[in-house]
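Colleague: The lines below spell out each chain.
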Amino acid sequence: MLDADFFRRWMTATAASVEREAERLTELDSPIGDADHGSNLHRGFTAVAAVLEKEAPDTPGAVLVLAGRQLISTVGGASGPLYGTLLRRTGKALGDAAEVSEAQLTDALRAGVDAVMTLGGAAPGDKTMVDALVPAVDALAESFAAARAAAEEGASATTPLQARKGRASYLGERSIGHQDPGATSAALLIAALATTADTEAADV
Amino acid sequence: MKMLINVAESVVADALRGMAAAHPELTVDVENRVVVRRDAPVAGKVGLVSGGGSGHEPLHGGFVGPGMLSAACPGEVFTSPVPDQMVRAAAAVDSGAGVLFIVKNYTGDVLNFDMAAELAADEGIRIAKVLVDDDVAVTDSLYTAGRRGTGATLFVEKIAGAAAEEGQPLEQVEALARQVNESSRSFGVALSACTTPAKGSPTFDLPAGELELGVGIHGEPGRERRAMMTSREIADFAVNAVLDDMSPRNPVLLLVNGMGATPLLELYGFNAEVQRALTERGVAVARTLVGNYVTSLDMAGASVTLCQVDEELLRLYDAPVRTPGLRWGV
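Top line first, the protein sequences correspond to chains A and B.
Mapping of the first sequence onto full-length UniProt numbering: position 25 corresponds to residue 25, and the numbering continues sequentially without gaps.
Mapping of the second sequence onto full-length UniProt numbering: position 146 corresponds to residue 146, and the numbering continues sequentially without gaps.
One chain only, chain A, in its complex shape (with noise of 0.2 angstroms):
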C-alpha cells in the first residue's frame, strides 16, 4: 500500500529530476516551442516540493491536490493547466484514504490522463504529454517500472509525429523530426514514480 509520504517523496523526486533535465527539456521546446518547457516545469516543481515541505497532507489523495494546486499558481502557459489538473484529478480520484493500492493509483492516474486530454482536447498521436501518459498508465496495471518504459518509449515516439495540438501545430509539417517536450516531461514525472516505488521496496 502507498501512504501519504509515498506520494511526497513522488513529487520531491519529480522536482529533482525536473531540476536536472530542464536544460534538456528547453531545449527540445526550441525548435518547435518557445524555448521555456525546462524553465517553467522547474519554477513550477520546486515550489510543489516546497510547499509539501512546509505543510505534508495525511493522505495520498490530499498531497497530489495540493501540488496540482501549486502547479496552476505558478506554472503558467499551457503546461501549468495540465499538469496541474493532471495531480488535482488524481488525486481527487483517490478520495481521502490514508493508504491506496497500486490499483487504486492506475484508476485514479487514468481518471487523471482523462482530464488532461479533455482540457487540453488532445489525443494520442497528437504529439503531447498525453503521448506518454496514456501508455504509461496501461503500463502501471503491470508495474511501475512497465509504466517508465512504456512512457519513454511513448515520449520518444512523438519525434516522427506532426504536432496537432499546442504551439508546435503552427509549424504544420516542420514539426516532425522533434521530440515532444512535454511527453518528454510527462515520462520523467512517472520514471520518478517508478524510482520512488524501487526505493521504497529498497527499504523494505
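Calculated from the structure, these hints are not laboratory results.
A couple of the hints might just be wrong.
Examples of chain A residues lying across from chain B (beta carbon under 7 angstroms, computed) [said to hold, decoys possible]:
| no. | residue |
| --- | --- |
| 1 | S30 |
| 2 | G76 |
| 3 | A157 |
| 4 | K165 |
| 5 | Y170 |
Here a beta-carbon is modelled for each residue, glycine too, at the ideal position from N, C-alpha and C.
Position chain B relative to chain A; hints supplied.
Modeller: Relative to the frame of chain A, chain B by itself:
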C-alpha cells in the same frame, strides 16, 4: 549573448519595477504581477483585462490606461500568466459592471483564462471572454491549436476600451470586441530569431540571407523559409496572404508592427510598400499605425494587420487613449 538584465529569473519583476517608476498613473503590483490603471475601479465602467506572456511589450501592460485596458497580467517571458493573477486583476477593476477578458488564442492563455473566469465567477464577478485569432499563417482546423492572436489584439483592446470608457454595457463591449477580431487579419515575417532570457541563445537558427514567412510572436519558426526578399516583395507577400483571407469593402485600419529589433527607418519604408500593395488591390486605408506594438523580444521582422471598420468602429478607434504605449486625443 549579452542582455541588459540581472538574472533571467527576475526580468519580469525588474521590468515591472521600472514600469512603476516611469508611470505613476498606473498601479503596478510587482509581487503579484498585475498592472492596473490607478483610478480603478471606475464606477459603472466595464473592466477590460488582458494578459499573456511577457516579451511582447508594450503589449499588454503598456496598453493600460483611460480608453484602453483597465488591467493587464504579464506572465513569464512567452508564458501565459496564471489564473491567480487574472482573478486579482478582475477583482481590482470590477465596479459591478462586469469584466471582459481579452484572450489571445494560445493553448496556455486560453486554459488559464478559462480557469480564472470560473474562479472570478465564484467570487461574484460577471465575466465575458473574447478570443483574438487573427493570424492567417495558421490554418484554423482540427489539426492545429487554431489561429494565433497577434496584431489584432491592439485593435480589439483599443476599440473595446473606448466603448467601455463611454459606459457601454458588458454585452455590447464584448460584441464590439468580437466584431473587431472577426474583421481583422494578420501576417508576420521574421528576419531573425529572438533570444529568450531563459535560453540565452536564438530560439531557432535562421541563416543570413533567409527569412521566415508566417511567424507568430513567440520566436517560433514560421510555416516556410525562403531566400531573403526586398521590402517590396515582402509587402506583396504579406498583403496577399492577408487579402486572400478577407475582402474589405470598407476602409481598413492598418498596423505595420515591428517585432522588436527592426528600426523605424525600415518599418516606415516597409509601410510605404504595404500602402502601395493595398492601393493596387483597391483597399483604402483609413488610419495607419507604424511601430513596435506587439513584439517578440529582439526578433527582427514585421507583421501587417488589417481591420475592416465601419463608422462606429472608426469613431471608437479615434477616441482618446492615454496609456504608456498608445496615446492620442488627450
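Colleague: A separate judgement is required for each hint: does it hold in the structure or not?
Modeller: Okay, the hints, checked on the actual structure:
1. S30: holds, 5 angstroms
2. G76: At 4 angstroms from the nearest chain B Cβ, A/G76 passes the 7 angstroms test, so the hint holds.
3. A157: At 19 angstroms from the nearest chain B Cβ, A/A157 fails the 7 angstroms test, so the hint is violated.
4. K165: This hint holds: A/K165 lies near chain B, its Cβ roughly 6 angstroms from the closest one there, short of 7 angstroms.
5. Y170: holds, 5 angstroms
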